[in-house]
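Student: Now for the letters of each chain:
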Amino acid sequence: MKELRLMKGNEAFAEAAIRAGADGYFGYPITPQSEVMEYLMAQKTEERTGMVTLQAESEIAAINMVYGGACCGKRVLTSSSSPGISLKQEGISYIAGAELPCVILNCVRGGPGLGTIQPSQSDYFQSTKGGGHGDYRLIVLAPASVQEMADFASLGFDLAFKYRNPVLILADGAIGQVMEKVELQPQQPRLTMDEIKKNTPWATVGRANGRERNFVTSLDLDSLRMEKHNHDLQAKYRQIEENEMRYEALQCDDADYIFVAYGTSSRLCQKAIQLAREEGIKVGLLRPITLFPFPKKPLEDLSKRVKGMLVVELSMGQMIEDVRLSVHDKIKVEHFGRAGGMIPSPHDIVDALKKQIIGG
Amino acid sequence: MAEFKTNPEIVKPENLVYKRTEMLTPATMHYCPGCGHGTTHRIIMEVIEEMGVAADTVGIAPVGCSVLAYDYMNIDMQEAAHGRAPALATAVKRLMPEKFVFTYQGDGDLAAIGTAETIHACNRGENITIIFVNNGIYGMTGGQMAPTTLENMKASTCPYGRDIATMGSPLKITELIAQLPGTMYVTRQAVHTPAAVRSTKKAIRKAFENQKLKKGLSFVEVVSNCNSGWKMTPRQANEWMVQNMFPYFPLGDIKVNE
Amino acid sequence: MTEEIIIAGFGGQGVLSMGKILAYGGVMQDKEVSWMPSYGPEMRGGTANVTVIISDERINSPILTQFDTAIILNQQSLDKFEKAVKVGGTLIYDPNGLTRLPERKDINIYAIDATEKASELGLAKIFNMIVLGGFLKIKPIVSDEFLRKGLEKSLPARHHNLIPENEKAIQLGKTLIKEIHKN
Chain V
1 MKELRLMKGN EAFAEAAIRA GADGYFGYPI TPQSEVMEYL MAQKTEERTG MVTLQAESEI
61 AAINMVYGGA CCGKRVLTSS SSPGISLKQE GISYIAGAEL PCVILNCVRG GPGLGTIQPS
121 QSDYFQSTKG GGHGDYRLIV LAPASVQEMA DFASLGFDLA FKYRNPVLIL ADGAIGQVME
181 KVELQPQQPR LTMDEIKKNT PWATVGRANG RERNFVTSLD LDSLRMEKHN HDLQAKYRQI
241 EENEMRYEAL QCDDADYIFV AYGTSSRLCQ KAIQLAREEG IKVGLLRPIT LFPFPKKPLE
301 DLSKRVKGML VVELSMGQMI EDVRLSVHDK IKVEHFGRAG GMIPSPHDIV DALKKQIIGG
Chain X
1 MAEFKTNPEI VKPENLVYKR TEMLTPATMH YCPGCGHGTT HRIIMEVIEE MGVAADTVGI
61 APVGCSVLAY DYMNIDMQEA AHGRAPALAT AVKRLMPEKF VFTYQGDGDL AAIGTAETIH
121 ACNRGENITI IFVNNGIYGM TGGQMAPTTL ENMKASTCPY GRDIATMGSP LKITELIAQL
181 PGTMYVTRQA VHTPAAVRST KKAIRKAFEN QKLKKGLSFV EVVSNCNSGW KMTPRQANEW
241 MVQNMFPYFP LGDIKVNE
Chain R
1 MTEEIIIAGF GGQGVLSMGK ILAYGGVMQD KEVSWMPSYG PEMRGGTANV TVIISDERIN
61 SPILTQFDTA IILNQQSLDK FEKAVKVGGT LIYDPNGLTR LPERKDINIY AIDATEKASE
121 LGLAKIFNMI VLGGFLKIKP IVSDEFLRKG LEKSLPARHH NLIPENEKAI QLGKTLIKEI
181 HKN
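Protein chains in written order, with the numbering used here: chain V, 1 to 360; chain X, 1 to 258; chain R, 1 to 183.
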């Protein structure tokens, strides 16, 4: 039976992870996402489902615990916020290189450096272009509501295992802290050891029954083989681009102009659409739900019939580069945003649309 | 490698005095002749074979000379990032408490870049075994100073010898972690003589048996030579080790909880 | 119907929990809701505020700069949010500790002596429920029945014995609130 609750985004993510049959969470406290581990600890996950919840000594240790758990075919996850995610990048690169499934939540705060604790979207480049060293991609999901924080925990695991690839949930402080109504899925059982052996025959769970040893590594000193591995990874990413691109189009059908925004800024844009349409300006919203793969095609299609696009981000302009690449400079594409934890008002967004796109 | 023909007399079963354990793969090890890694690998694998737990053991390889340990150890293995093996092992053991889990780490990996992971895994009393090979130098990257490089000992990043005033003292991490309530067995061994090998094997066996008791972490340091890094012959290196390493890193049990 | 509310005061006045109880009441009444707090070190004894939206439709932005109603519980919050009330909107304040009263003429203004009443009754803990009652008198967007369910959901089970007391405070608030200025 489905269940309705009022929850913070961070709590909904944690609860949904338990219900998705997660085996282990490894984390380190950082604002604005500490509720994730606090919630899991309060839930006594070990008693509730057998899920391990462990506070690590650092973000580095936490992501490497995730790495170890993922090597065993377990459903493991971690969460952090921007400075902590930077620390995790080494481990994320290893996990991507070794082709392991896991879920990582980044509840983004303003940077660079220690920055601020207020919401931001300034980690777009880091999230979508790799993040750590080497040529790799994460599947990046951008929730815009508490409901999606919950839904993406289980979707994240599904995609991670389907492609043996880490999935990053790119939220921000606002989505993590806001409470909204959320419908929770029923508890899924955790996988048994037999199921793990069957589903993930590569897992390092002990080489029983005379099978050859499994080893998980991201190292190959043979450059030719390493090059082939890179080609294989890229082929997988193309497949992900083909199958997993997700977006939402709101009021685009009659639109002359389009806001392109994800997460919290997409919510601000929805209010801005309401205000603009009250003034007779026909504007819609294209909201990428996956940031990798990026919705290039829908944007390209829209560019053939709208006059301009305003990319609204809580950053100095990062996603705009992908939007411009998608529309091939056919129409005017400009950026509007605030940074460092500041949030523009929907009125500011309408004004920017008028000034930078309509009048510009 | 050149083919050579073995005298058929020698390979007769009745003449067999030593046999490679099936727990080691047939791969030719890349370790330098005289290095202690090969011996240490072998005795860990013999212990696993003798305990009959090959199907229930997961090992974690480090970054360093033994980065390719998974090529030789014929069990399920994971290759960690530099210094992070105890973090991986923590998760593996927590998620599969019925498995035997060990890390195999060098001095740079365990006592420099991975100090935090080492100390905190020990402090939490993770029910795992850590095998720590200490040869006082970074072997794989070509002989740089390690946290355990002795005073005045030369390395490529301390070409005039380790200067305590600017580079700190060689770190006795084994004594350090022995103070933590989470460790139940902490010992320092060596593999340079048959007697030392037997003693080390006994220690490793005890460390693995301890996992059944679930009372904490077992930590076996193996003081070893790095004849290439030290720029000596294997024999000179072992003599130097006895004369210089052992006084600073004395062999024997440091902590034994029952 | 969409009601966009800011509740602002000192940390410790129960600002966040008042918003949560209101929002949970909304959930129980099958409304769309959002509850967005200010967060971080400023909560440690400094000012605290929360934006609550209750609507019949999908809520667009949980973060707002203009509000239908501002519930103001200290001077800093009055200075910050009086100008953020929409023209024709509502401002409710507790006069306790205010050195300057609201001045706008284009909004509806109400006062509620909740601090004084709560201390008179020795019930400082339910101060926020008195204020919530006052708000619901002016804007009955959540019914008593569903607010009770909201209380049950947002209070941990061990505090459920306090629900009758909370409900009484809400009813008290309804009688305490008085109109200061009508637009």
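In short, the hints are calculated from the structure, not lab data.
All C-beta atoms, glycine included, are put in the ideal place defined by N, C-alpha and C.
Possibly wrong hints are sitting among the right ones.
[Stated by the list, open to error] Computed beta-carbon distance windows for the label pairs:
(1) X/Ile164 with V/Glu212: 34 to 40 Å
(2) X/Lys215 with V/Glu242: 24 to 30 Å
(3) V/Pro201 with R/Ile163: 29 to 35 Å
(4) R/Lys86 with V/Pro186: 37 to 43 Å
(5) X/Thr6 with V/Pro189: 53 to 59 Å
(6) X/Glu98 with V/Pro186: 26 to 32 Å
[Said to hold, decoys possible] With the Cβ distance kept under 10 Å, some of the chain R side facing chain V (calculated, not the full set):
(7) Phe10
(8) Ala124
(9) Lys153
(10) Leu155
(11) Ala157
(12) His159
(13) His160
(14) Leu162
[To be verified] Straight line, CA to CA, 25 Å or less: simulated DMTMM-like cross-link-like pairs of lysine to aspartate or glutamate:
(15) X/Lys214 with V/Glu279
(16) X/Lys212 with V/Asp194
(17) R/Lys86 with V/Glu242
(18) V/Lys197 with X/Glu151
(19) X/Lys99 with V/Glu279
Student: What hints, given by number in increasing order, does this structure fail?
Tutor: Per hint list: 1, 2, 3, 7, 8, 10, 11, 12, 13, 14, 15, 17, 18 and 19 violated.
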